[in-house]
Amino acid sequence: MAFSEFQLLQVLAHEMNMRKAAERLFVSQPALSQRLQNMEKDWGTKIFLRSQKGLSLTPAGELIVKLAENVLQKEESVREKIHALESEVHGTLKIACASIVGQNWLPKVLKRFVETYPHAKISLITGWSSEILKAIYDNEVHIGIIRGTPDWKGKKHHLFEDPLFLVDREIQSIEDVMKTDRPFIQFKSDSNYFQEIQEWWLKHFQTTPKRTIVVDQIETCKQMTLNGIGYAILPAITLTGMEQDIFKIPLKDEMGGFIHRDTWLLGYESAFQLRQVGAFLEVVDDFLIENR
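Under numbering that gives the first Met the number 0, the first residue of the sequence shown carries the number 0, and numbering increases by one thereafter.
To be clear, the hints were calculated from the coordinates, so they are not data collected in a lab. Keep in mind that a hint or two might mislead.
As the list claims (entries may be wrong) - DSSO-like mimics (lysine-lysine), calculated; alpha carbons at most 30 Å apart, straight line: (1) Lys133 to Lys120; (2) Lys110 to Lys73; (3) Lys221 to Lys187; (4) Lys152 to Lys120; (5) Lys251 to Lys178; (6) Lys65 to Lys110; (7) Lys107 to Lys247; (8) Lys202 to Lys178; (9) Lys209 to Lys251; (10) Lys202 to Lys247; (11) Lys155 to Lys178; (12) Lys187 to Lys251; (13) Lys19 to Lys107; (14) Lys187 to Lys202; (15) Lys155 to Lys187; (16) Lys152 to Lys133; (17) Lys107 to Lys65; (18) Lys221 to Lys202; (19) Lys155 to Lys110; (20) Lys73 to Lys120; (21) Lys133 to Lys107.
As the list claims (entries may be wrong) - With beta-carbon atoms standing in for the labels, derived distance ranges: (22) Thr91 to Ser129: 17 to 25 Å; (23) Asp252 to Ser129: 24 to 32 Å; (24) Ser76 to Phe193: 54 to 62 Å; (25) Gly153 to Thr91: 31 to 39 Å.
Since the model is a prediction, treat every value here as computed from it, not as a measurement. From the three backbone atoms N, C-alpha and C, an ideal C-beta is built for every residue, glycine too.
Let's have the full structure, built from the sequences with the hints guiding it.
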């Protein structure tokens, strides 16, 4: 790469000798002399005085060389910042996340992400799966985290699965469900969660619950259960730290396997190429490995 005029002036001011400067710049002395003459013509003043002892700066030359050094310092600073952009994670990570995951799992991951990449920013919205998918389709976010089995043709990353439990302060076995008159507390959802619970219920009891209370949020459902109002079916992700006097009975299918909910991270291929998204996935993978 050819030296800029500012770099040339800096070398001349350091060497104060045309021959030594030409050797350092890997150019011929006549070529260097010609470039200096052109610069002096552009500035309309002498920059260096020539003598048998070498070069000396004119008063105007001192100002011009000082400008050259300032510009080169600023250029070096900008190059360092550009290099930092390439080696560090900057920009905003835009996430849409299922509310239940945003309340119970994601905060721990985001805490580690911001500690590892302090220059990155986060934009987070939570909601139902249909809202999350729409946010991805509309390019409002880079990635989405949803529950259930996603109908998604782009790139997707399986995060974890968590079993479902029947939770209550009184019921200690599945067989006791049909003996109680206390209500079954359910929460609204636009995913297939509600359908899965209904299918499991009908296979086991061949009838509908005696009494039902429907609430709009899973956290409301959980709190009502904790306060002994009724029983509920809740995923394990919501049960961390729940007191010991709550009975948690795992739901099982006909083969004796645990019924669980899957959580997926998905987005367009272009989003996964962003540095902040790639860094977030690395943090997620490390977190999942440590918490297996």
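Here's how the hints hold up against the structure:
no.: 1; hint: Lys133 to Lys120; in the structure: holds, 22 Å
no.: 2; hint: Lys110 to Lys73; in the structure: violated, 35 Å
no.: 3; hint: Lys221 to Lys187; in the structure: holds, 13 Å
no.: 4; hint: Lys152 to Lys120; in the structure: holds, 28 Å
no.: 5; hint: Lys251 to Lys178; in the structure: holds, 20 Å
no.: 6; hint: Lys65 to Lys110; in the structure: violated, 46 Å
no.: 7; hint: Lys107 to Lys247; in the structure: holds, 24 Å
no.: 8; hint: Lys202 to Lys178; in the structure: holds, 17 Å
no.: 9; hint: Lys209 to Lys251; in the structure: holds, 21 Å
no.: 10; hint: Lys202 to Lys247; in the structure: holds, 20 Å
no.: 11; hint: Lys155 to Lys178; in the structure: violated, 43 Å
no.: 12; hint: Lys187 to Lys251; in the structure: holds, 22 Å
no.: 13; hint: Lys19 to Lys107; in the structure: violated, 61 Å
no.: 14; hint: Lys187 to Lys202; in the structure: holds, 21 Å
no.: 15; hint: Lys155 to Lys187; in the structure: holds, 25 Å
no.: 16; hint: Lys152 to Lys133; in the structure: holds, 14 Å
no.: 17; hint: Lys107 to Lys65; in the structure: violated, 51 Å
no.: 18; hint: Lys221 to Lys202; in the structure: holds, 24 Å
no.: 19; hint: Lys155 to Lys110; in the structure: holds, 23 Å
no.: 20; hint: Lys73 to Lys120; in the structure: holds, 26 Å
no.: 21; hint: Lys133 to Lys107; in the structure: holds, 25 Å
no.: 22; hint: Thr91 to Ser129: 17 to 25 Å; in the structure: holds, 24 Å
no.: 23; hint: Asp252 to Ser129: 24 to 32 Å; in the structure: holds, 27 Å
no.: 24; hint: Ser76 to Phe193: 54 to 62 Å; in the structure: holds, 57 Å
no.: 25; hint: Gly153 to Thr91: 31 to 39 Å; in the structure: violated, 20 Å
Violated hints, listed in ascending order, are 2, 6, 11, 13, 17 and 25; each of the other numbered hints is respected by the structure.
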